[in-house]
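Trainee: Sequence:
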Amino acid sequence: MRYFMRLAFIVLTLLRHGVDDLVLSRFDQHRWLRMLSWVTTRGRRLDAPRGQRLRLALEALGPIFIKFGQVLSTRRDLVPPDIADELARLQDRVPPIPAAQARRLIEQGLGQPIEAVFSSFESEAVASASIAQVHFAVLKDGREVAVKVLRPGMLDVIEDDLALLHTLARWVERLSADGKRLRPREVVAEFDTYLHDELDLVREAANAAQLRRNMADLPLILVPEMHWQWCSATVIVMERMKGIPISQTERLREAGVDIPKLARDGVTIFFTQVFRDGFFHADMHPGNIQVSVDPATFGRYIALDFGIVGTLTQVDKEYLAQNFLAFFRRDYQRVAELHVESGWVPPNTRVDALEAAIRAVCEPHFDRPLREISLGQVLMRLFQTSRRFNVEIQPQLVLLQKTLLNVEGLGRELDPDLDLWSTAKPFLERWMNEQLGWRALVRQLKAEAPRYAQLLPELPRLVHQRLQERPGREPDPVLLALLREQRRTNRLLSAGLWSALGFLLGVMVARLVVQLYGGY
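So in our numbering, spot 41 of the sequence shown is number 41, and the numbers just go up one at a time.
Any given hint could be a false lead.
Taking lysine-lysine pairs in the BS3-like style, the calculated list, with each CA pair at most 27 angstroms apart, reads [said to hold, decoys possible]: (1) K425 x K261; (2) K317 x K425; (3) K317 x K446; (4) K140 x K242; (5) K242 x K261; (6) K261 x K317.
Quick list of simulated restraints, FRET-style, between CB atoms [unchecked claim]: (7) D192 x Q52: 26 to 32 angstroms; (8) Q248 x E434: 33 to 39 angstroms; (9) R16 x D331: 46 to 52 angstroms.
Hints were generated in silico from the structure; no laboratory data involved.
Note that beta-carbon positions come from the ideal geometry of N, C-alpha and C, so glycine has one too.
All chains should be built: construct the whole structure from the sequences, respecting the hints.
Mentor: Rendered as structure tokens:
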């Protein structure tokens with residue numbers, strides 16, 4: 001019964017804001033849908049732009065639909081630009097739960113009274129979002145902390161609304177010509193994962209701890225320390241961070257912060273997390289970023305809220321880095337080839353046609369000054385162009401697209417002259433050299449040495465046994481794989497040995513020259 005009541009409320013809300021007209025207009029090729037659209041829009045004022053009407057409807061439907069709209073705003077391959085821009089304005093600030101209820105929830109999560117853990121506790125929340133809210137406190141030993149507590153009853157609300165979103169995604173996939181390519185069910189499934197991850201605060205604390213370790217050697221960003229003895233699925237206690245919200249640029253200037261450097265540092269942090277670590281903060285909107293004004297850490301970013309992080313495999317990182325570098329070098333043929341090699345487009349795609357389409361998108365931007373080029377907008381244009389070639393949207397890259405747009409938008413707000421291209425290009429070139437140069441070879445040999453040490457002594461015996469088992473037959477795929485692995489290993493070892501020998505020979509020659517001619 002509750003499910004149908006919620007469905008009825010959603011339908012009435014969408015009708016009141018004219019969202020049905022927006023949706024049905026995508027399917028006007030069907031006569032009965034045109035008639036339904038005409039009937040449902042009678043007697044209502046639909047003067048506001050369609051994006052604004054959709055945004056207001058999602059805000060009325062509550063936190064889960066607001067978050068879905070935020071995710072949808074990053075999919076400019078899926079929604080028109082005017083709707084995506086309007087959805088990007090969605091905010092999930094909600095009234096905090098009553099102080100007494102918050103205290104009870106925190107005590108349940110801690111498993112003990114608040115007075116047993118904190119010497120002081122601020123009952124009024126300092127921040128309140130759709131999933132959780134934050135209170136400041138002081139531990140018994142005097143350390144200042146922030147206490148994050150999950151809002152009650154969230155799981156039931158999320159499960160009901162997600163069931164409806166899954167149903168809607170199935171309808172879109174069946175009715176829309178673009179449905180299969182845009183993979184709405186996978187988008188909703190990924191959104192489902194994000195939400196359930198945010199409902200487990202221990203997972204958020206673990207994300208923060210991982211990011212803190214990764215960023216320990218990069219003196220540009222601070223990540224709060226988690227106090228694990230007081231962390232649970234519904235409550236986490238972390239180091240309190242003090243800074244100025246990054247959106248308050250006037251306060252930052254008055255404090256003496258170098259704003260253009262701050263913008264460049266944000267780009268460096270993003271690309272370091274993505275390409276070096278493959279683990280990045282994926283919710284970098286201004287509400288989650290502050291800037292330290294403490295003398296010891298002055299000008300550093302302060303990252304907050306780690307419920308959503310993105311991860312990339314080594315294959316994803318290599319293809320992305322090569323794509324970015326090919327864009328920077330205007331090598332559109334290589335971009336097209338990479339799309340085919342990665343499986344993002346069907347294997348029978350004509351590379352020259354895809355290359356021409358990519359050139360048509362990118363070339364006009366390169367004729368403008370670099371500081372006027374938006375990398376995010378170029379990528380969005382490419383996603384829109386991709387429909388012609390049946391490019392499948394990569395779910396693992398949705399968060400990266402969202403974060404890239406956030407980073408570039410934030411950087412341009414701080415410094416309108418920020419040149420994301422020239423800032424990112426040296427980083428990516430250095431990263432690619434590290435992946436493909438002799439340092440990468442040595443690093444790979446070290447990493448693979450234990451495996452090779454175990455495999456190589458056994459390899460002749462395994463090959464001999466396999467040949468004995470299958471006399472007179474062609475080698476099977478297992479044998480061929482073993483032989484390829486042996487040849488690859490031999491090449492790597494030979495290259496490593498020759499590199500080491502050449503290095504030692506060079507050192508010996510240098511020393512001999514110094515001894516012979518050192519007196520002149």
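Trainee: State for each hint whether it applies.
Mentor: Hint by hint, here is what the structure shows:
At most 27 angstroms may separate the alpha-carbon atoms for a hinted pair to count; K425 and K261 meet this at roughly 17 angstroms. Of the pairs offered as hints, the one joining K317 and K425 holds, with about 15 angstroms between alpha carbons and a cut-off of 27 angstroms not exceeded. For the hint pairing K317 with K446, the CA-to-CA distance comes to about 21 angstroms; that is within 27 angstroms, so the pair holds. Between K140 and K242 the CA atoms are separated by roughly 20 angstroms; this keeps the pair inside 27 angstroms, and the hint holds.
Restraint check for K242 and K261: satisfied, since their Cα atoms lie roughly 20 angstroms apart, inside the 27 angstroms limit. The suggested pairing of K261 with K317 holds, with an alpha-carbon distance near 26 angstroms, which does not exceed 27 angstroms. Distance hint check for D192 and Q52: the Cβ-Cβ separation is about 27 angstroms, which falls inside the suggested range of 26 to 32 angstroms. The given range of 33 to 39 angstroms is respected by Q248 and E434, whose C-beta atoms sit roughly 37 angstroms from each other.
As the Cβ distance of R16 to D331 is approximately 51 angstroms, the hint placing it in 46 to 52 angstroms holds.
Comparing the model with each earlier hint shows no violations; every hint is respected.
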